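Protein chains: 4
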Amino acid sequence: MKDEFFFDEMVRIYDTDAQGIVHYAGYYRFFTDALEQFSNARAGYLFPAINEKLWLVVVESNAKYYKSARAGDKIRVGITPSIISEKAIRFDFSIRRDGDLLCEGYIIQVVIDKNKWKAVPIPKELIDKLIHKKS
Amino acid sequence: MKDEFFFDEMVRIYDTDAQGIVHYAGYYRFFTDALEQFSNARAGYLFPAINEKLWLVVVESNAKYYKSARAGDKIRVGITPSIISEKAIRFDFSIRRDGDLLCEGYIIQVVIDKNKWKAVPIPKELIDKLIHKKS
Amino acid sequence: MKDEFFFDEMVRIYDTDAQGIVHYAGYYRFFTDALEQFSNARAGYLFPAINEKLWLVVVESNAKYYKSARAGDKIRVGITPSIISEKAIRFDFSIRRDGDLLCEGYIIQVVIDKNKWKAVPIPKELIDKLIHKKS
Amino acid sequence: MKDEFFFDEMVRIYDTDAQGIVHYAGYYRFFTDALEQFSNARAGYLFPAINEKLWLVVVESNAKYYKSARAGDKIRVGITPSIISEKAIRFDFSIRRDGDLLCEGYIIQVVIDKNKWKAVPIPKELIDKLIHKKS
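Chains as they are written, first to last, in the numbering used here: chain E, 197 to 331; chain W, 197 to 331; chain H, 197 to 331; chain D, 197 to 331.
A portion of the hints provided could be inaccurate.
It does not matter which identical chain is used: a pair holds within one copy or between any two.
[As the list claims (entries may be wrong)] The list that follows gives simulated cross-link-like pairs (lysine-lysine, BS3-like), each with its CA atoms no further than 30 Å apart: (1) Lys310 <-> Lys283; (2) Lys310 <-> Lys198; (3) Lys310 <-> Lys263; (4) Lys249 <-> Lys260; (5) Lys198 <-> Lys312; (6) Lys263 <-> Lys320; (7) Lys325 <-> Lys283; (8) Lys312 <-> Lys270; (9) Lys314 <-> Lys325; (10) Lys312 <-> Lys283; (11) Lys270 <-> Lys320; (12) Lys283 <-> Lys320; (13) Lys249 <-> Lys270; (14) Lys198 <-> Lys325; (15) Lys249 <-> Lys263.
Hint data in this document are derived by calculation from the structure and do not stem from the laboratory.
As the structure is a computational prediction, the values presented were derived from the model and not from experiment.
Whole structure, please, built from the sequences with the hints as guidance.
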């Protein structure tokens, strides 16, 4: 079973542009909102700060747009975490409106020591909290 | 004579919303761009940091919208500085397209000691640079 | 009694800038969110479109900043509507964190016929819905 | 020889977030600016509208972040167009600061008939203008 969580959101007027639809870069706001809520609910930290010393920084972002969203649309954002290396976490996203898939994408983050601004291994405790074991 | 300076700018697709015109909060981007260029040209600092110790923080913003701007519009942003108290600087802005006044507004900033996060008097040297004496 | 309504919101990482606090223009996102929720709850329309023919457009915006908000802050946004002329509605906003007043401001909107792009009187029905009578 | 064009830009305070660096989604502003300038210079249209009937819409966006940019940084954005199918154009981007590669990414766009909101083949005239023939 996929470890996917869902958050409901509304498309706002400021997410759109003069084409009448959500601006392509605007979908990353929905990704970020889901990521913040998920991180906070699962691991209790305030994204992007894990604690006083460690921060998460984004090293890649991607979105594919299938259908357009408009102001007032109620959307459901799905988020699935996965550990892809010792230092990198990937979050996959889906955005649906009434079950219809509008957008898919991902964000890859690494953990850094904010004082040295250097990548460090993801703390085991963080992995345990973010990724639920399946049995 | 008014101490007004002008900067040219283009309205971008991301400044607009689904009404087809610039989103009301988007005009503050033009104010900020003019403020950064003006501060840098006049006083040589990288807004909003004056130096290692002092920062400028915004304490009020205002904009009145007369006519709508659209993506692709070439606009001219005027900026006029004035000292309104020992600790506060006001910048007045105008936005024109082909001479037509689209928007007017202002931003009030105070100087703070960023380590104490407390307002301090505006350094005389900064006033001298920002406000040209008329004689 | 003041006709004030409240909406809870969270400050997001994208609302902040390199000063570590919410960017001054970012507070207008909170105003807009409150305005959308209020308009929808009270009058059932999807701001900024009242219906197929009528739109609300912003003619003035203002914000005063007293204290800084940071990413992760839980804020409460208050909104109070008032009719200030035949064609203009004013919405006053307050932003509080744990009761502490961080920001106050307002937005003035006029109703336009979107096909003619001309201001028209506010429909009586809209006033009745937005402004509750006190007795 | 690569068909790459360059545009100079400055990182603004509103591009950054509380981590002190440019917010990951903020880099798409630089991509969009380069795309608008390039489209306008090469093909004379105001992105994202090609003409009264045809629009460009984004179907995929991607960015990889190698080093962080900060407010005040002077960056150079490179853009390279390529036709990847009958209906899709890809633009590759690079962002450098003093020659140092900070970010790479791409945007894929398709041409749509805006009245039918349907993808159509890219007009040959547009290809000829956007993509210079190498001989």
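Do the hints match the structure? See the list:
1. With identical chains, the CA atoms of Lys310 and Lys283 are at most 30 Å apart within one copy only, with a shortest distance of 14 Å there and 33 Å across copies.
2. Taking the shortest Cα distances, Lys310 and Lys198 never come within 30 Å of each other, neither inside one copy (32 Å) nor across copies (37 Å).
3. Taking identical chains as interchangeable, the C-alpha atoms of Lys310 and Lys263 lie at most 30 Å apart only when they sit on different chains, with a minimum of 14 Å there against 38 Å within one chain.
4. Taking the shortest Cα distances, Lys249 and Lys260 sit within 30 Å of each other only across copies (24 Å), while inside one copy they are farther apart (34 Å).
5. For a Cα distance limit of 30 Å, the shortest separation of Lys198 from Lys312 qualifies neither inside one copy, at 36 Å, nor across copies, at 37 Å.
6. Taking CA atoms no more than 30 Å apart as the test, Lys263 paired with Lys320 passes between copies only; the shortest distance there is 26 Å, against 38 Å inside one copy.
7. Only within a single protomer do Lys325 and Lys283 lie at most 30 Å apart by alpha-carbon distance; the minimum there is 16 Å, versus 44 Å between protomers.
8. Taking the closest pair of Cα atoms, Lys312 and Lys270 come within 30 Å of each other only across two copies (24 Å); inside a single copy the shortest separation is 41 Å, beyond that limit.
9. Proximity of Lys314 to Lys325 under the C-alpha cut-off of 30 Å is restricted to the intra-copy arrangement: shortest distance 23 Å within a copy versus 39 Å between copies.
10. Taking the closest pair of Cα atoms, Lys312 and Lys283 come within 30 Å of each other only inside a single copy of the chain (15 Å); across copies the shortest separation is 36 Å, beyond that limit.
11. In this assembly of identical chains, Lys270 and Lys320 lie within 30 Å of each other by CA distance solely across copies; the values are 29 Å between and 36 Å within a copy.
12. Taking the shortest Cα distances, Lys283 and Lys320 sit within 30 Å of each other inside one copy (11 Å), while across copies they are farther apart (46 Å).
13. Proximity of Lys249 to Lys270 under the C-alpha cut-off of 30 Å is restricted to the inter-copy arrangement: shortest distance 23 Å between copies versus 37 Å within a copy.
14. Only within a single protomer do Lys198 and Lys325 lie at most 30 Å apart by alpha-carbon distance; the minimum there is 16 Å, versus 45 Å between protomers.
15. In this homomeric assembly, Lys249 and Lys263 come within 30 Å of each other (Cα to Cα) only across copies, at 19 Å, whereas the closest approach inside a single copy is 40 Å.
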